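J.: Sequence:
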Amino acid sequence: MFNRKEIEENLELFQHINIMKGNGTNMRIMDGFFEKVDYQNNTSILLHTNHEPENYTSHWHTAIELIMPVINKYTIIIGKTTYVLNEGDILIIPPGELHELIAPRTGERRILLFDFSLISNLRGFSNIITVFNQPRLIKESSAPDIYPQLQDLFDQITEEYNSKNTLREGAIYALIIQMFVLMGRKYMNTENLFPAVKQNKQKEYIEKFNMIFEYINNNYTDDISLEKIAGVAGFSKFHFSRLFKQFTDISFYDYLNQRRVKEAEKLLLNPNLSITEVAMRSGFSSISTFNRVFKNFKECTPTEFKNLYRRRNRSHNE
1 MFNRKEIEEN
11 LELFQHINIM
21 KGNGTNMRIM
31 DGFFEKVDYQ
41 NNTSILLHTN
51 HEPENYTSHW
61 HTAIELIMPV
71 INKYTIIIGK
81 TTYVLNEGDI
91 LIIPPGELHE
101 LIAPRTGERR
111 ILLFDFSLIS
121 NLRGFSNIIT
131 VFNQPRLIKE
141 SSAPDIYPQL
151 QDLFDQITEE
161 YNSKNTLREG
171 AIYALIIQMF
181 VLMGRKYMNT
191 ENLFPAVKQN
201 KQKEYIEKFN
211 MIFEYINNNY
221 TDDISLEKIA
231 GVAGFSKFHF
241 SRLFKQFTDI
251 SFYDYLNQRR
261 VKEAEKLLLN
271 PNLSITEVAM
281 RSGFSSISTF
291 NRVFKNFKEC
301 TPTEFKNLYR
311 RRNRSHNE
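Residue numbers (UniProt numbering): 1 to 318.
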């Protein structure tokens with residue numbers, strides 16, 4: 001584990017990389033902190049077997065990212081958490097998450113990026129978004145029931161990606177769907193989400209929560225009260241609060257603030273936006289609330305976050 005001072009010192013040593021290369025092809029195209037994933041061969045999938053000792057500076061993208069070290073460890077910093085992956089560990093990074101990658105001098109790791117929107121409309125898959133709204137690290141020791149199958153599917157994806165088979169994009173997405181079905185069944189446990197509710201009602205509740213998450217994602221910048229969102233779902237606010245906590249393992253307001261903070265992170269990277277503008281565009285009604293909530297999630301104030309990344313960006317461009 002790295003402490004914050006060590007992380008910042010290491011990041012000051014990073015070189016600015018506009019185009020990251022691997023295996024003779026352009027892997028990623030950087031525009032400031034936003035990463036435009038350079039999908040290969042007219043697909044929406046990129047799988048990179050990376051051997052480079054280069055560090056990847058702080059960036060975010062709209063793709064879901066899966067990382068699995070094959071040889072040696074690999075370090076990923078996401079917000080206030082540092083993940084040190086051992087060989088075979090699988091880390092899932094959701095879209096829009098600012099993250100930094102620190103490589104050892106030697107090693108190998110697989111980095112898979114893909115467009116989740118192509119499968120997110122499958123029935124029930126909107127539930128998975130709530131499970132992977134935050135990064136999730138899967139180890140053999142923590143998920144022995146599904147880990148061997150996940151590793152095998154990752155191997156099949158790699159083999160298919162490196163082949164010249166026809167319809168390989170469809171084949172890879174079929175394998176990705178199998179991975180997320182395994183993880184969804186384990187971590188969502190939809191059959192027991194609402195143990196006090198009759199089985200025939202559970203399906204109805206899950207459908208309602210799918211609608212709720214879509215509503216929040218489309219309206220998080222508005223003033224959404226607990227009473228209002230409960231009304232959208234057709235529940236009393238007390239009943240809704242209890243069900244929401246059962247479904248997501250966090251409170252409704254924590255979930256809503258988490259979504260707003262993620263948007264604020266991206267906006268804070270824009271040098272032309274003030275802290276007040278970022279707060280308003282992210283859905284916060286006051287600067288004091290924005291500062292308090294942001295610091296609670298990121299362990300620094302919005303101003304400190306903005307200054308930190310401005311300093312890093314200036315250092316990278318010198």
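Source of the hints: derived by calculation from the structure; they are not laboratory data. Some clues are possibly wrong.
Cross-link-like lysine-lysine pairs, in silico, DSS-like; alpha carbons within 27 Å at most [stated by the list, open to error]:
(1) Lys164 to Lys80
(2) Lys73 to Lys298
(3) Lys186 to Lys266
(4) Lys164 to Lys139
(5) Lys80 to Lys295
(6) Lys203 to Lys139
(7) Lys186 to Lys228
(8) Lys203 to Lys228
(9) Lys73 to Lys164
(10) Lys201 to Lys139
(11) Lys73 to Lys201
(12) Lys237 to Lys266
Distance ranges between label pairs, derived from CB positions [said to hold, decoys possible]:
(13) Thr62 to Ser274: 41 to 47 Å
(14) Ser236 to Asn72: 34 to 40 Å
(15) Thr276 to Lys164: 40 to 46 Å
(16) Val181 to Lys208: 33 to 39 Å
(17) Gly88 to Lys164: 23 to 29 Å
(18) Pro144 to Glu54: 30 to 36 Å
(19) Arg242 to Tyr39: 41 to 47 Å
Please read all numbers here as calculations on a predicted model, not as lab measurements. Glycine included, each C-beta is placed from N, C-alpha and C at the ideal position.
J.: None of the hints should be skipped; say for each whether it holds.
T.: Evaluation of the provided hints:
Annotation: proposed proximity of Lys164 to Lys80 is violated, straight-line Cα distance about 41 Å (limit 27 Å). For the suggested pair Lys73 and Lys298, the alpha carbons sit about 25 Å apart, so the restraint of at most 27 Å is met. Between the alpha carbons of Lys186 and Lys266 the distance comes to roughly 31 Å, so the proposed pair goes past 27 Å and is violated. Between the alpha carbons of Lys164 and Lys139 the distance comes to roughly 31 Å, so the proposed pair goes past 27 Å and is violated.
The suggested pairing of Lys80 with Lys295 holds, with an alpha-carbon distance near 10 Å, which does not exceed 27 Å. Only pairs whose Cα atoms come within 27 Å are accepted, and Lys203 paired with Lys139 is rejected, the gap being roughly 30 Å. A C-alpha spacing of about 31 Å is found between Lys186 and Lys228, which places the hinted pair above 27 Å, so the restraint is violated. Proposed proximity of Lys203 and Lys228 is supported: the alpha carbons are some 22 Å apart, at most 27 Å.
Taking the CA atoms of Lys73 and Lys164, the gap is near 30 Å; set against the 27 Å cutoff, the hint is violated. With a CA separation close to 34 Å, the supplied pair Lys201 and Lys139 exceeds the 27 Å bound. Note on Lys73 and Lys201: the hinted pairing is violated, with a Cα-Cα distance of about 45 Å set against a maximum of 27 Å. Only pairs whose Cα atoms come within 27 Å are accepted, and Lys237 paired with Lys266 is rejected, the gap being roughly 31 Å.
Distance hint check: the CB atoms of Thr62 and Ser274 are about 25 Å apart, inconsistent with the given range 41 to 47 Å. About 53 Å separates the C-beta atoms of Ser236 and Asn72, a value inconsistent with the hinted range of 34 to 40 Å. A beta carbon spacing of about 54 Å between Thr276 and Lys164 contradicts the range 40 to 46 Å that was offered as a hint. The hinted range of 33 to 39 Å is not satisfied by Val181 and Lys208, whose Cβ atoms lie roughly 22 Å apart.
Distance hint check for Gly88 and Lys164: the Cβ-Cβ separation is about 28 Å, which falls inside the suggested range of 23 to 29 Å. Between Pro144 and Glu54 the CB atoms are about 34 Å apart, so this pair conforms to the stated range of 30 to 36 Å. Between Arg242 and Tyr39 the Cβ separation comes to about 42 Å, which falls inside the hinted range of 41 to 47 Å.
Checked against the numbered hints above, the structure breaks hints 1, 3, 4, 6, 7, 9, 10, 11, 12, 13, 14, 15, 16 and satisfies the rest.
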